[in-house]
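Chemist: The chain contents come next:
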Amino acid sequence: MKTANPTRTSLNRRSFLGRLGTFAGGAVALPQFIPARALGRGGAVAPNDRIVLGAIGIGGRGSHVLEAFVHEPGVQFAAICDVKAARRQAVKKMADTRYGNTDCAMYRDLREFLARPDIDAVLIATGPNWHAAASIQAARAGKDVYCEKPCTKNIAESFAVADVFRRTGRVFQAGTQRRSLPNFAFAAELCHTGRLGKLHTLHAHPGGLGTGTSGWPTPEPEPDKEEADWDLYLGPTAWRPFNRSLLNNGGGFEKGGGMVGGGCLEWGSHCVDLCQWANQSDDTAAVEYWPEGNQLHALYGNGVKLIMRNDGWLPLGSCPVRYEGDAGWVETADNGEVAAHPPELIDPTRPKIGGYPANFHVRDFLACVRTRAKTRANADVACWSHITCHAANIALFLGRRVKFDPKKHEFIGDEEANRLRSEALRGPWRL
Amino acid sequence: MKPTNQFPGLAFLAAALAALALAATAPAADPPTASADKARQAIAVLQSDAPPADKALACKQLAVFGGPESVPALAPLLGDEHLSAWARIPLEVLPGPAADDALRDAMGRLYGDLLVGVINSIGIRGDSKAVDPLMGRLKDANADVASAAAVALGRIGGAPAVSALEASLSTAPVGVRSGVAEGLILSAERFSTTGRAADAARLYDAVRRADVPAQRILEATRGAILARQTEGLPLLLETLRSADRDVFDIGLSTARELPGRPVTEALAAELGRTPPERQGHVLLALTDRGDDAVWPAVFGAVNKGSKSLRLVAIGLLERQGNVSALPVLLEAATDSDTEVSRAARTAVGRLPGKEVDTALVARLPQASGPSRRVLVELAGQRRLSAAVPELFKAANEADPTLRSAGVNALGETVTAAELGTLADLLAKAKSEDDMADVEAALDSACTRLPDKARSADLLLARLPASSAPARCALLRVLGTVGSPNALGAVQSSLAHGDATVRDAAFRVLADWPEPAAVPALMDVIRSTTDETQRTLALRGAVRLLGVGDQPPAQRLKTYGQLLALARGVDDRKLVLSGLGAIPDPAASKLIEPLLAEAAVRKEAESALLSLAGALAGSAPAEAKALAAKLKAESQDAATRERAAQVLQRMDKFEDYIIAWQFAGAYTLATGESGSLFTREFPPEKGDNTVAWRPLTAGTQEARPWMMDLLATRSAEAHCTGYARTWVYSSVAQPARVEFGTDDGHKLWCNGEPIAQADRGGAAVPGEFQTVVSLRQGWNALLLKVVQDTGPWEFCLRLRTTTGAKLEGLRIQAAPPDR
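For the protein sequence lines, the chains are A and B, in the order given. This note's numbering puts the last residue of the first sequence at 605; the count rises by one with no breaks. This note's numbering puts the last residue of the second sequence at 1101; the count rises by one with no breaks.
No lab work stands behind these hints: they were computed from the structure. One thing to keep in mind: the hints can contain errors.
[To be verified] Each pair of labels, with its calculated beta carbon distance range:
{"hint": "1", "chain 1": "A", "residue 1": "H245", "chain 2": "B", "residue 2": "A576", "range": "38 to 46 Å"}
{"hint": "2", "chain 1": "A", "residue 1": "D500", "chain 2": "B", "residue 2": "S654", "range": "36 to 44 Å"}
{"hint": "3", "chain 1": "A", "residue 1": "H245", "chain 2": "B", "residue 2": "S775", "range": "49 to 57 Å"}
[Stated by the list, open to error] Residues from chain B that keep clear of chain A, each with C-beta distances beyond 10 Å, as calculated:
{"hint": "4", "residue": "W369"}
{"hint": "5", "residue": "E449"}
{"hint": "6", "residue": "R539"}
{"hint": "7", "residue": "R556"}
{"hint": "8", "residue": "K587"}
{"hint": "9", "residue": "D726"}
{"hint": "10", "residue": "P747"}
{"hint": "11", "residue": "A799"}
{"hint": "12", "residue": "L848"}
Predicted, not measured: the structure shown is a model, and the values here were computed from it. Positions of the beta carbon are idealized from the N, C-alpha and C atoms, including for glycine.
Please put together the full structure from these sequences, using the hints given.
Modeler: Structure follows, in structure tokens:
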């Protein structure tokens, strides 16, 4: 497939997992974690550091992440909250089988679930319509939160999540697990250490760029609340009639927001986030956005350009990113490989982990729950990377250039764009 | 991703929506009149009998394009159970007092969740005129309404709102106090950001003293500390000394936020007063402040205090340290506690910067005892080539542990110029352990050094004068290096006078990394009387037949010889384990006779199944026949099931042609890749010397019919390749070729060009179509696919000219006259 930059080197496909102990001088280290033993427990988990976990809205993706959680030492999964009876029962069965008891509690309403004082942390893997509101409710109830992506529906929700987690002192981890994987860390380090020279262009795969407004499905007979609570399923989203297809496809419900649906948030919440990391823009967003052919281009305040494109990637797997500087480039994606020019940039001892597992990211979250440090994808990081995605979506939706002021939190002289920053929530829910 | 607009609706509104959707790719903004038109159309929908679905979408239109004139159409919907939230979407963002008036008015007549929603919108808009009615709602019997009013008052702010909230803090029902506390905290935050820190602290303190949920108190505690800035330090220290874990935790996160060097210094001092089990947490918080003043405390913690604190400090330096951390870490690296010393060595190994390398090299000559050994190990860990002279000294010292460390480090650091000197250490070995260390170091060095031939020659030069043990070690290292010269030396050593050398040479040969050793291994199989050697040689030969790029026919010939030499059941099982992977139908002729032998029947069937899978692309008819036969005749249920799966998988290929041969990749000099499409390479010039090889089908689970040319591993970018296949048609007939390529292509049928496109982009099935006249009999298809970067693939099928399935074709990848 043709790309704008024909420069290319062959990939080194060797895995050096067996040589993790050897690091060349100047090599980029793995993401580091404070091991449990470093906190004086000799690897065992002290009673005070046991984390009681609950989960809200566990479907396919949620099950995968929950699996990563329950395998970690010191985690006790205690309760499932889901508007669907079948999901509640499936998760309870998993937990009870694992622990050899019948203790896992089931909840339909997250307000009752969050009122449990013994739950320390919550995994939120509902549909995107609930992510921000549920995260905020959980924080206000004194819970730490690991929330699947996309974490917010719009710019206002992004700021609200950051504000509430700062105010409450709770720990937040966005489910952007690539922040905790070595190939993406390595690529970011190449930018941070200047080994690519002066960074000038970032490329992110958005996983689609189509936008539109969320819809009103074909009405169908509503099931009993105990089987599936449609009102709670909609939650903060404006009302619409029951539809089983919508009920069963919660992963895409209002993904990207009710006002501006779809867009770049599918993978942008990962890939744009990684680009912001590489550009050391974790505390800001791009300032200018414009559609360019079948791509979306954006510009950061430091002059670095961001290109969201769906094609032209090296065959390295899903969620690719590419960073270009005046002395070289690096590209990596989900198979864990790294391609770079000049080839000497690649550290052959670098461990390769493909398949975007969540366990490293989950460990980072759990470590921070214990130490109260900031996670890799904390609420501020997630806030700004999501805002870049939302602003890009607004440019796509309006079909024109928009300019954003990250300090004032508003688009410059652009009433239409500014109105798309937020969307009223259905009562009684609020941010 | 497709838009999710599913609204049914009025035609004009749908047209407006379509325009909106199209705008997503339009280069310019709507002119103001277009926006006004959209707003007018949306208002008309709201004022009509349109169904709720259309009115809902109209609300969204007005959120972007509407003005104050929209409000009269929106306000009535606030009381509509289903459309109230939709109406608030524009009302929450429309500028001007009309929207405020509408929401305020609705507050007086709604109840329940609809009222809560309206109050929330009023709070978002910050409508100061709503303060009075909101104050009234603080006493609403519905706790949700009263709580929403409290939060809205907190958002709006102002003296009356704050006073009302303060008064409610103790008088409000328990279920409302959390909302009141939240409202006060929001007010306090506004005070903090507008220079009224004292007022902020007062509100925070009020919440801290109130009977409100613990989480609100924690938030107020954080706020009370931050509002007071440095003067909040005593309260911060109080939280860090609290026995309550939640309070301690809020102290930890607040310690990361409160700015100022005095704070850093006070927290560093607090470290010594903190119980050991909490010291690590406090140190982590301290370091996260990003204040350089913290480093003395971290350095100090590396070598004194509790073990847990030391490990945290070392871990912090590992992540954030620089050359200044070197002295304390080197001291810890010789600690008697192995966990501490190991952590410290790891940390030094990861410290960034050339200056760390320089400092380590400079310390080496003066170092002695355990420190010297640690420095030697670190020189190896960081691959410090400048340390090589000192490492050779270490490798020759009397202390065996130091000697060992020196030799190991040399394995990671020597250049080709120093490899011979490292090999010379074999002759100086004082023990078997020394010898093993040098051999391991040579192995590491030869694996790392890129010029394998040069490495081999350097080792070979030392072979003649070496003692038997040293010779054995050199042979084993040569087995890692490979190269023709090394193989020759190994073969010569098979006849060496010393039995240990002969044995070592044989084992190296059996493990040789390249197929070039196969003939020598065949000789051993034929000639040896030692059963162990014979088995090892057979294993080695089967292994090597599975690697490299020898033509299938040549490999089959060797397999045939191996089968003839096989003496027993185990030998035949071993040969069968490799035979099934040869993508050549002729392999079945070697396998099928073994089905009759009960002891190896299962292995023979397994080999045939593997063969069927390998042939699925290049010889589908043969593959299907093999799988069908096993499905019908195998006595093993699992084998029958696997055979059925192979057949099912092949059915998924639909009628795409998956039997192809490939030639390439062909490249051009740098700067000429733009000519890849036009340049004629040997396959399109009919060159009979072109090396064609089968293409593997089904490499992508979801699209088994997509032929992945990257899987050929011939090249990855800026190249071109050719695929060919033969189609047998029982009659002369027209056919439509439907295909897609990534990137550009040229297509020939029976030598005639029938399609071409110099283009880029994904391979889309059926994107390109052309009609050809198939001859009766065999027809040759040749496809050139140009690769830029990224995916490199194609798919192609033949259909009738109306697109129906074309029955009765036979496909084969190899030329029909074969």
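Chemist: Against this structure, judge whether each hint is valid.
Modeler: We went through each hint and held it up to the structure:
Evaluation of the 38 to 46 Å hint for H245(A) and A576(B) yields a pass: the beta carbon distance comes to about 40 Å. One distance hint, 36 to 44 Å for the beta-carbon pair D500(A) and S654(B), holds here, with the actual separation near 43 Å. Separation of H245(A) from S775(B) is about 55 Å and conforms to the stated range, judged on CB atoms against 49 to 57 Å. Under the 10 Å C-beta cut-off, the non-interface status given to W369(B) relative to chain A is violated; the minimum distance is some 5 Å.
Here E449(B) stays apart from chain A, with its beta-carbon at least about 19 Å from theirs, past the 10 Å limit. Non-interface status of R539(B) relative to chain A is broken: a Cβ of that chain comes within 10 Å, the nearest being about 7 Å off. Every C-beta of chain A lies more than 10 Å from that of R556(B), the closest at about 17 Å, which supports listing it as non-interface. With a cut of 10 Å on Cβ distances, K587(B) stays outside the contact zone with chain A, its closest approach being about 15 Å.
Remark: the non-interface label on D726(B) is consistent with the geometry, its nearest Cβ contact in chain A lying 13 Å away (cut-off 10 Å). At roughly 34 Å from the closest C-beta of chain A, the C-beta of P747(B) stays outside 10 Å, upholding its exclusion from the interface. The claim that A799(B) is not at the interface with chain A holds, since no C-beta of that chain comes within 10 Å of its own (minimum 22 Å). At roughly 35 Å, the least C-beta separation between L848(B) and chain A is larger than 10 Å, which holds for a residue marked as non-interface.
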